[in-house]
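Visitor: As a plain string of letters, each chain reads:
Number of protein chains: 2
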Amino acid sequence: MEKIFYKIEENTLRQYTKRVFLAIGCNEIHASLATDVLIKADLRGIDSHGVARLSGYVRLWQKDRLNPKPVMKVIHESPTTATIDGDKGLGLVVAPFAMQIAIEKAEKYGSGWVAVQNSNHFGIAGYHALLAVEHDMIGYAMTNASPLVAPTFSKERMLGTNPLCYAFPAGEYPPVVVDMATSAAANGKLEIAQRKGYNIPRGWAQTANGEPSSESNILKNGGSLLPLGSDRDHGSHKGFGLSATVDILSAVLSGANYGPWAPPFVSYLDPAPHPVGEGLGHFVGAMRVDGFRPVNDFKKNMDIWITRFKEAAPIDDAQPVIIPGEPELAAEEERKKNGIPLIEDVWNDLYALADQLKIDHMPSPSPLHH
Amino acid sequence: MEKIFYKIEENTLRQYTKRVFLAIGCNEIHASLATDVLIKADLRGIDSHGVARLSGYVRLWQKDRLNPKPVMKVIHESPTTATIDGDKGLGLVVAPFAMQIAIEKAEKYGSGWVAVQNSNHFGIAGYHALLAVEHDMIGYAMTNASPLVAPTFSKERMLGTNPLCYAFPAGEYPPVVVDMATSAAANGKLEIAQRKGYNIPRGWAQTANGEPSSESNILKNGGSLLPLGSDRDHGSHKGFGLSATVDILSAVLSGANYGPWAPPFVSYLDPAPHPVGEGLGHFVGAMRVDGFRPVNDFKKNMDIWITRFKEAAPIDDAQPVIIPGEPELAAEEERKKNGIPLIEDVWNDLYALADQLKIDHMPSPSPLHH
Chain A
5 MEKIFYKIEE
15 NTLRQYTKRV
25 FLAIGCNEIH
35 ASLATDVLIK
45 ADLRGIDSHG
55 VARLSGYVRL
65 WQKDRLNPKP
75 VMKVIHESPT
85 TATIDGDKGL
95 GLVVAPFAMQ
105 IAIEKAEKYG
115 SGWVAVQNSN
125 HFGIAGYHAL
135 LAVEHDMIGY
145 AMTNASPLVA
155 PTFSKERMLG
165 TNPLCYAFPA
175 GEYPPVVVDM
185 ATSAAANGKL
195 EIAQRKGYNI
205 PRGWAQTANG
215 EPSSESNILK
225 NGGSLLPLGS
235 DRDHGSHKGF
245 GLSATVDILS
255 AVLSGANYGP
265 WAPPFVSYLD
275 PAPHPVGEGL
285 GHFVGAMRVD
295 GFRPVNDFKK
305 NMDIWITRFK
315 EAAPIDDAQP
325 VIIPGEPELA
335 AEEERKKNGI
345 PLIEDVWNDL
355 YALADQLKID
365 HMPSPSPLHH
Chain B
5 MEKIFYKIEE
15 NTLRQYTKRV
25 FLAIGCNEIH
35 ASLATDVLIK
45 ADLRGIDSHG
55 VARLSGYVRL
65 WQKDRLNPKP
75 VMKVIHESPT
85 TATIDGDKGL
95 GLVVAPFAMQ
105 IAIEKAEKYG
115 SGWVAVQNSN
125 HFGIAGYHAL
135 LAVEHDMIGY
145 AMTNASPLVA
155 PTFSKERMLG
165 TNPLCYAFPA
175 GEYPPVVVDM
185 ATSAAANGKL
195 EIAQRKGYNI
205 PRGWAQTANG
215 EPSSESNILK
225 NGGSLLPLGS
235 DRDHGSHKGF
245 GLSATVDILS
255 AVLSGANYGP
265 WAPPFVSYLD
275 PAPHPVGEGL
285 GHFVGAMRVD
295 GFRPVNDFKK
305 NMDIWITRFK
315 EAAPIDDAQP
325 VIIPGEPELA
335 AEEERKKNGI
345 PLIEDVWNDL
355 YALADQLKID
365 HMPSPSPLHH
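Respectively, the protein sequence lines represent chains A and B. The opening residue of the first sequence carries number 5 in my numbering; numbering runs sequentially from there. The opening residue of the second sequence carries number 5 in my numbering; numbering runs sequentially from there.
Take the hints with a grain of salt, since some may be wrong.
Since the list can't tell identical chains apart, any single copy or any two copies may satisfy a pair.
To be verified - Calculated pairs, DSS-like style, for lysine-lysine (alpha carbon to alpha carbon, straight line, at most 27 Å):
hint, residue 1, residue 2
1, 304, 77
2, 303, 77
3, 314, 224
4, 44, 341
5, 341, 11
6, 362, 11
7, 67, 362
8, 67, 224
9, 224, 200
10, 112, 77
11, 73, 362
12, 193, 224
13, 340, 11
14, 314, 304
15, 303, 44
16, 362, 44
Simulated from the structure, these hints should not be mistaken for laboratory data.
Please take these sequences and the hints and turn them into a complete structure.
Guide: This is the structure in structure tokens:
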């Protein structure tokens, strides 16, 4: 099936996205920041977390589940820890605010850790973790998310794809960024398979009865995603444990909604009744590298680490080992130069948003065939 | 194949294990502590990390790779971070020392994080993380380990099974303990399959050429373990990323040996030439729960979390969801009462050790048939 897509120059998409956030009532600073987080996802090739979600945020605002003018505040604190009330704001804005506090605490005390309640979807975890790396710190970011994943032995959607990210500064090399969903596959991969009409590999999802499935639309039929590891024999209890860790740090520790109470991103699903906390939760942290050893020593050894892993004996000479964060950086360099590809559905969605919010459209690019 | 095994009363095994550590030169306090870590593994059913390893530690000492009288010291520090030189000590002693410093820092500042270099195998991660839980803190512990795991796309052993552990206090329920190797299967599982003459599931290990294998002795033929996720389609790059994170925090940050330079536990393999650091590395941490919210609120919500996950709809009514840490605690309660089962090989190994070190044997128990 031939797909039409469009390539949009980064700044065009950036200006348009900012107009949307301004139109729903964000102030100048918040609109720029939220835009930066989304565009960073598109640049880095994580298309499922970029402007493809823009209309989703707008719908949450329309349903009064998202406050465009949040007054974020620290509601609990120690020298190196804090909990933030995100005031129903965009996670895209709340998470960088939380990370800023973590970085300030780390500047003073060596490390800083901030739990967040009453927030919304925060985009890519990597954006937030990388904020710390700019300060020669190790960055840490995670969030809970719409319940789609079943624990090992269960058929019930109890957890989100609950991503976690560690980002480490290096020397000559770019940072190492481990940014991963704790499910076997992110939901975006099922959506791609649906659009292309492909089956999905066994081990990504199960039916409503908990049977293995290779149907890409199985979630629409009551199915659930599987934790990293896929089944008990291959360690799905570990993926469940990681996902539980993200849920507990992001939501039980912060006072947000956890487990099946985590509010869904899609506006047509209502949050679960009898909430156990406030909104969605995140957890971010920063540690000064020089709290452990001189920064230059660390970076020099990171470069040795990266070089050695890149040289690890490949199974196939054509496919060397990939350092975590390498593909995203390669995408970022390419897309900054050549533009960001948008599939037709996303382009149309963005175009409709302009009409709806009465803002200027983007200039129509020529469609490309792929 | 019928297996003979012995059941040893906890205190008998404890006294014997302590005699071994005293015999190699540990002082009273270190011998008790190292014993406690090993016996805890046996009690919790993690047989691969208990007294089954005792003769391995002794052989490291015989090879002068393990210092029974370490003078551990802080070599770098900030208010909430530190790096420890373990002075070639038993990880069983060095890691609790590091965790004690993390807990003291957390008492003062809300959190504490300690990287460790120049150490050895530290037993089960859960032991160390649980030390924090006793103080109403969240505990965190990880270590790098003998290189056995290949990164995605590689056939080379570059990483250990690099376990990580998060431990969370709860209220009415016991703590939630996520203690997991970041490989698809721990090496101990292959050893069990070898003893029983079973094949292993595809996805645990690969041949020396990087082909899938179900041979339980494939590591002896140059094969390697696979990261959690097993293959690229099922997210092995995530398992690799987690394992890399453990390696970087434990060894690059601390100044220990990382990647393929991590010194092997087995004494018949020499450490890699041209080391990039000192010994093996760990990373531990502690965060005060009340740095984020009142302890009672957190514990109450942990109990709701646990209750809700235990009630998640099961696929098979006979197998409910298992909360991380539950099986280990059940084993601990049962074995404290009924004794610790040892397979014949381990019993014989311990018995031989007594002769070698000229210490009192354990009284011979009657063999049981299983």
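Visitor: None of the hints should be skipped; say for each whether it holds.
Guide: Here's how the hints hold up against the structure:
{"no.": "1", "hint": "304 with 77", "in the structure": "between (39 Å within a copy, 24 Å between copies)"}
{"no.": "2", "hint": "303 with 77", "in the structure": "between (35 Å within a copy, 24 Å between copies)"}
{"no.": "3", "hint": "314 with 224", "in the structure": "between (40 Å within a copy, 25 Å between copies)"}
{"no.": "4", "hint": "44 with 341", "in the structure": "within (14 Å within a copy, 57 Å between copies)"}
{"no.": "5", "hint": "341 with 11", "in the structure": "within (11 Å within a copy, 68 Å between copies)"}
{"no.": "6", "hint": "362 with 11", "in the structure": "within (23 Å within a copy, 77 Å between copies)"}
{"no.": "7", "hint": "67 with 362", "in the structure": "within (18 Å within a copy, 76 Å between copies)"}
{"no.": "8", "hint": "67 with 224", "in the structure": "within (22 Å within a copy, 60 Å between copies)"}
{"no.": "9", "hint": "224 with 200", "in the structure": "within (16 Å within a copy, 43 Å between copies)"}
{"no.": "10", "hint": "112 with 77", "in the structure": "both (20 Å within a copy, 23 Å between copies)"}
{"no.": "11", "hint": "73 with 362", "in the structure": "within (20 Å within a copy, 75 Å between copies)"}
{"no.": "12", "hint": "193 with 224", "in the structure": "within (14 Å within a copy, 37 Å between copies)"}
{"no.": "13", "hint": "340 with 11", "in the structure": "within (11 Å within a copy, 66 Å between copies)"}
{"no.": "14", "hint": "314 with 304", "in the structure": "within (15 Å within a copy, 47 Å between copies)"}
{"no.": "15", "hint": "303 with 44", "in the structure": "within (25 Å within a copy, 37 Å between copies)"}
{"no.": "16", "hint": "362 with 44", "in the structure": "within (25 Å within a copy, 65 Å between copies)"}
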